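> Keeping their order, the protein sequence lines are chains A, B and C.
Under our numbering, think of the first position of the first sequence as 1, with each following residue one higher.
Under our numbering, think of the first position of the second sequence as 1, with each following residue one higher.
Under our numbering, think of the first position of the third sequence as 1, with each following residue one higher.
Possibly wrong hints are sitting among the right ones.
[What the hints assert, rightly or not] Cut-off 20 Å, straight-line C-alpha distance, at most; resulting in silico cross-link-like pairs (SDA-like, lysine to any residue):
hint: 1; chain 1: B; residue 1: 123; chain 2: A; residue 2: 230
hint: 2; chain 1: A; residue 1: 158; chain 2: C; residue 2: 279
hint: 3; chain 1: B; residue 1: 83; chain 2: A; residue 2: 229
hint: 4; chain 1: B; residue 1: 123; chain 2: B; residue 2: 85
hint: 5; chain 1: B; residue 1: 261; chain 2: B; residue 2: 275
hint: 6; chain 1: A; residue 1: 236; chain 2: B; residue 2: 126
hint: 7; chain 1: B; residue 1: 83; chain 2: A; residue 2: 169
hint: 8; chain 1: B; residue 1: 132; chain 2: B; residue 2: 112
hint: 9; chain 1: A; residue 1: 236; chain 2: B; residue 2: 130
hint: 10; chain 1: A; residue 1: 158; chain 2: A; residue 2: 176
hint: 11; chain 1: B; residue 1: 3; chain 2: B; residue 2: 311
hint: 12; chain 1: B; residue 1: 3; chain 2: B; residue 2: 175
hint: 13; chain 1: C; residue 1: 104; chain 2: C; residue 2: 265
hint: 14; chain 1: A; residue 1: 158; chain 2: C; residue 2: 280
hint: 15; chain 1: A; residue 1: 236; chain 2: B; residue 2: 107
hint: 16; chain 1: B; residue 1: 294; chain 2: B; residue 2: 257
hint: 17; chain 1: A; residue 1: 236; chain 2: B; residue 2: 149
hint: 18; chain 1: A; residue 1: 236; chain 2: B; residue 2: 257
hint: 19; chain 1: B; residue 1: 132; chain 2: B; residue 2: 122
hint: 20; chain 1: A; residue 1: 236; chain 2: B; residue 2: 67
hint: 21; chain 1: B; residue 1: 79; chain 2: B; residue 2: 67
hint: 22; chain 1: A; residue 1: 236; chain 2: A; residue 2: 169
By construction, these hints were calculated from the structure, which means they are not laboratory data.
Every value quoted in this text rests on a predicted model; they were computed, and no experiment measured them.
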Amino acid sequence: MAAFLVRRILQSLVLVWIVLTITFFLLHLAPGDPMARYDHPDMSRETVMRMRGQLGLDRPVIEQYFIWAAGFARGDFGVSFRYNRPVGEILAETIPNTLRLTVASMALYVVFGLVLGMMSAARRYSVFDRVNTIVALFVYSIPSFWLALMLILLFSLKLGVLPSSHMQSLDSASLSGIPLFLDRARHLVLPAFVLGVASAAGLARYMRGSMIDVLREDYIRTARAKGLPERSVLLKHAFRNAAIPVVTILGMSLPFLLGGAVIVEKIFSWPGMGGLMVEAIYTRDYPVVLAVNFVVAVMVILGNLLADAAYAALDPRIMAGGKDR
Amino acid sequence: MEKLLEIRGLTTEFVTSEGAAKAVDGVGFDIGAGETVGLVGESGCGKSVTALSIMRLVQYPPGRITAGSVTMDGRDLMKLPEKQMRRVRGNDISIIFQEPLTSLNPVFTCGEQIRETIALHQKMGRRESRLKAIEMLRLVRIPDPEKRYDNYPHQMSGGMRQRVMMAMALSCQPRLLIADEPSTALDVSVQAQIIELLLDLKERMGMSVLLITHDLAVVAQMADRVVVMYAGVVVEQAPIDSLFSDPMHPYTEGLMASIPKLGEHLERLPVIPGNVPDPLRLPAGCRFSDRCPKRIPRCLVEEPPLFSPAEGRLSRCWLRGGIAK
Amino acid sequence: MTPSRRPMPAAQGTPGGPAAPGLTEVFRRMEGTLQQPCRTCWSGGWARFRRNRTGMAGAFIVAALYLMAVFAPALTPYDPVSHGSLPEMRHRAPGGDHPLGTDKFGRDVFARVLYGSRISLTISFLSVTISVIVGALAGAAAGYAGGWVDAVIMRFVDALMAIPRLFLLLTCVALFSSSIPLVIILLGATSWMATARLVRGQILSLRRQDFVVAAESLGAGGRRIIFRHLIPNTLTVMIISATLRIGGIILTEASLSFLGLGVPQPVPSWGRMVFEGREALLGAWWVSTFPGLAIIITVIGYNLLGDGLKESFDPVNFG
């Protein structure tokens, strides 16, 4: 197990390095002088000179690459034009917000996906299952921005029960403790729902497939033959086995969830990385664009690593490997 | 001898796209207390399905028990509500399957899988049931049972896994153990150990055994009485010695003849020509007629009932026609 | 066990794919355990497809959409681009002359949705073609060459897949300026990875199939094997993959347009239409709702079609 993890960590590092390289290439592939991207009339001369030196733009491309890569590895992503602050600082502020949203969405995603998937598998071919499949297909095809707007229309504008933007109410400076928590929770509902539940349909489909495969196995027959109640068979014996391959799906859905955050954060004015990215593009704030790109990729790679670790932890065939006959 | 189980007219169908196939068609026999009954026949004759039907483990779709009764303690198991049937499973009647690797849940330890049966039926706490489970492991002659309790199935050899299955099945002292090809999937040397263990346990616990196998040698070692099945029906029943010395059905005769005997000099091993009929396309008349070397015209037209050509013997053959059972 | 059912050892040990059991469980299903090319599938495939209700429904929807796009001028008298002349034409509710209402500039929503379909259908079709071709080439190269070529390509694929598609797209849009051809190329350039994986897996499993080994032993050269055996079998995978991915591409293009970074003005695009209707959401809900519904129907149509094709022609690889 340790060897497995070490191998995966090394692979992840390689991937991070490749992403770094890709980002560098994108910057230099694009038409125009790369330095022009980092130069902005509003920036002070000193900053420009410093960045020129830092990026080593008078040096050959190879050297630039190493300087630049080293910078990224340190967490030094340059300075943002718009905010005139180090990008690293801005990221440090926005990443937690995106994490809040992503974690909440993920929680909804996992719960809805697994539960619906299990129920569909247990009641295969029933009305519930068929309706679920149709609804899933429908939901799968909805653009997240449209869903978000429709929900805002219904819940915020027409019914007025849920807020339509920001992480917390404007007057929440006076709140703390439980009321603050509730206020934040209310603001989290719509964005997390759009991001999480809408994609849960896909997860449910995988879970259903996995459960159906597992329910066909011999050890399920044994469990029933022992006289275990059906609930135990499903929730204890089947679920643990069915959930294992689904863990890797969770890892795979990270890029999807994070990508979806772009739209959701923009619509709900959520101060996260997605919103930051979009703003940066509008304002041609390239340091931010490239930095966010990189950081998000690192988050995904990290998430996959965690998913693999979880997989290994859940499956005793990997964890308690080998045979000691 | 006191009767433990009485099976009458058991019929189990499997629904396929081409119609309903009767895997078990009106099967009936008795199992006495403390008796070992061998259920013999080639693959596809319906013996495993009979076993599963007794325990009501046939899953719909696609299989369904459509007729028959299985009486134990004066109750018809076929008519029991599911909740009560669950109390019978693993408790009064247990079953062990052919392939122990796939029949054990890979994500739980062997010990846990035994313990859960005990805790369920004997309403014991965790610690108590764990101790009892270790006792069971000792009973099936697994060395170092405390340590083996925490092993996962993939960490054990085939023979040991089968012992774990036995421990699991016997943990609640069932009155009937159904053993479906218990040694077939194992190495030859291990097979003997398992059969010997079965014999020993049977003596010690005084239970009845329904031994399902295609291997006549195993039957010879263990059974008191034999039921021979072919294409879903019983074709012969006899005490073990009589069966071997004087088979009363052409199919049984064919089976006996195809066992090579030490010291015998043969050019070719005799085989029964032809194949088991497709349950959807059964021949008119006797099911064995198209392969039977002794058939008479009547066999092709009318299916024979079970005759009783001698005390304690049954045969489904026109040639033994006498008193129909 | 017949050889064709053997799980692919390649998926476990090659430097190419993610070697650990974790991430590969699903990938194994995609690439490692691909079974024998479903040769019989193709022959009975069309008959099966005609009987497949999801597939036929999808085909019907897609065909209808294409027809509507082509015959748009015949279906509506209005111009999708020019503003309505009279102020009271603005934000009219659905009904009468304007079956789906008008937007804030007095433009007929139905006309805009109709002409918008031309953009969406064309862009998505071209993008998915690019993505599938690039993906197939990359996957085939990786699968056939093996060794370090395979390793490098697959690591590259893994890294690209780690960047969420929208982020990658946005980064590229920021660096290159936006135009229709660029959008098409970028959409294609950010979607080829999954196809590459699929095709690579297909090639790997096919290479080990008996019939390829037999061909090799009979002296058939590499190119011959590729053209006569591997390509026809991969073609089905490619087509099905394309149909299944086009829905995602449509959604991505719509997201891009919604953000204002996709198709430039004044070309009508469903995504941007939804965005434009955002301000008047409470008062004129139809401006955002109908383009959104158009997107949904189109994506559903392609997904149904893809599912139908998958079930009829190659349930084995896509199951």
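> Now look at each hint and say whether the structure bears it out.
Results for each hint:
Note on residue 123 of chain B and residue 230 of chain A: the hinted pairing holds, with a Cα-Cα distance of about 18 Å set against a maximum of 20 Å. A C-alpha spacing of about 15 Å is found between residue 158 of chain A and residue 279 of chain C, which places the hinted pair at or below 20 Å, so the restraint holds. For the given pair, residue 83 of chain B sits about 8 Å from residue 229 of chain A by alpha-carbon distance, which is consistent with the 20 Å threshold. For the suggested pair residue 123 of chain B and residue 85 of chain B, the alpha carbons sit about 17 Å apart, so the restraint of at most 20 Å is met.
Between the alpha carbons of residue 261 of chain B and residue 275 of chain B the distance comes to roughly 24 Å, so the proposed pair goes past 20 Å and is violated. Proposed proximity of residue 236 of chain A and residue 126 of chain B is supported: the alpha carbons are some 16 Å apart, at most 20 Å. This hinted pair does not check out: residue 83 of chain B and residue 169 of chain A have alpha carbons roughly 54 Å apart, beyond 20 Å. About 11 Å separates the Cα atoms of residue 132 of chain B and residue 112 of chain B, which keeps this hinted pair within 20 Å; it holds.
A hinted pair counts as satisfied when its Cα atoms are at most 20 Å apart, and residue 236 of chain A with residue 130 of chain B qualifies at roughly 18 Å. The hinted pair formed by residue 158 of chain A and residue 176 of chain A fails the criterion: a straight-line CA distance of about 29 Å is larger than 20 Å. Distance hint between residue 3 of chain B and residue 311 of chain B is fulfilled; the C-alpha atoms sit about 17 Å from each other, no more than 20 Å. Taking the CA atoms of residue 3 of chain B and residue 175 of chain B, the gap is near 12 Å; set against the 20 Å cutoff, the hint holds.
At most 20 Å may separate the alpha-carbon atoms for a hinted pair to count; residue 104 of chain C and residue 265 of chain C meet this at roughly 16 Å. A hinted pair counts as satisfied when its Cα atoms are at most 20 Å apart, and residue 158 of chain A with residue 280 of chain C qualifies at roughly 13 Å. Taking the CA atoms of residue 236 of chain A and residue 107 of chain B, the gap is about 10 Å. The hint holds against a cut of 20 Å. The straight-line distance between the Cα atoms of residue 294 of chain B and residue 257 of chain B is roughly 15 Å, inside the 20 Å bound, and the hint therefore holds.
For the hint linking residue 236 of chain A to residue 149 of chain B, the alpha-carbon distance of about 19 Å falls within 20 Å, and the restraint holds. A hinted pair counts as satisfied when its Cα atoms are at most 20 Å apart, and residue 236 of chain A with residue 257 of chain B does not qualify at roughly 49 Å. A threshold of 20 Å between alpha carbons decides the hint, and for residue 132 of chain B with residue 122 of chain B the separation of about 11 Å falls inside it, so the pair holds. For a cut-off of 20 Å, the pair hint linking residue 236 of chain A to residue 67 of chain B is broken: about 33 Å separates their Cα positions.
At roughly 11 Å between alpha-carbon atoms, residue 79 of chain B and residue 67 of chain B fall within 20 Å of each other, so this suggested pair holds. For the hint linking residue 236 of chain A to residue 169 of chain A, the alpha-carbon distance of about 43 Å lies beyond 20 Å, and the restraint is violated.
In this structure, the earlier hints numbered 5, 7, 10, 18, 20, 22 are contradicted, and the remaining ones agree with it.
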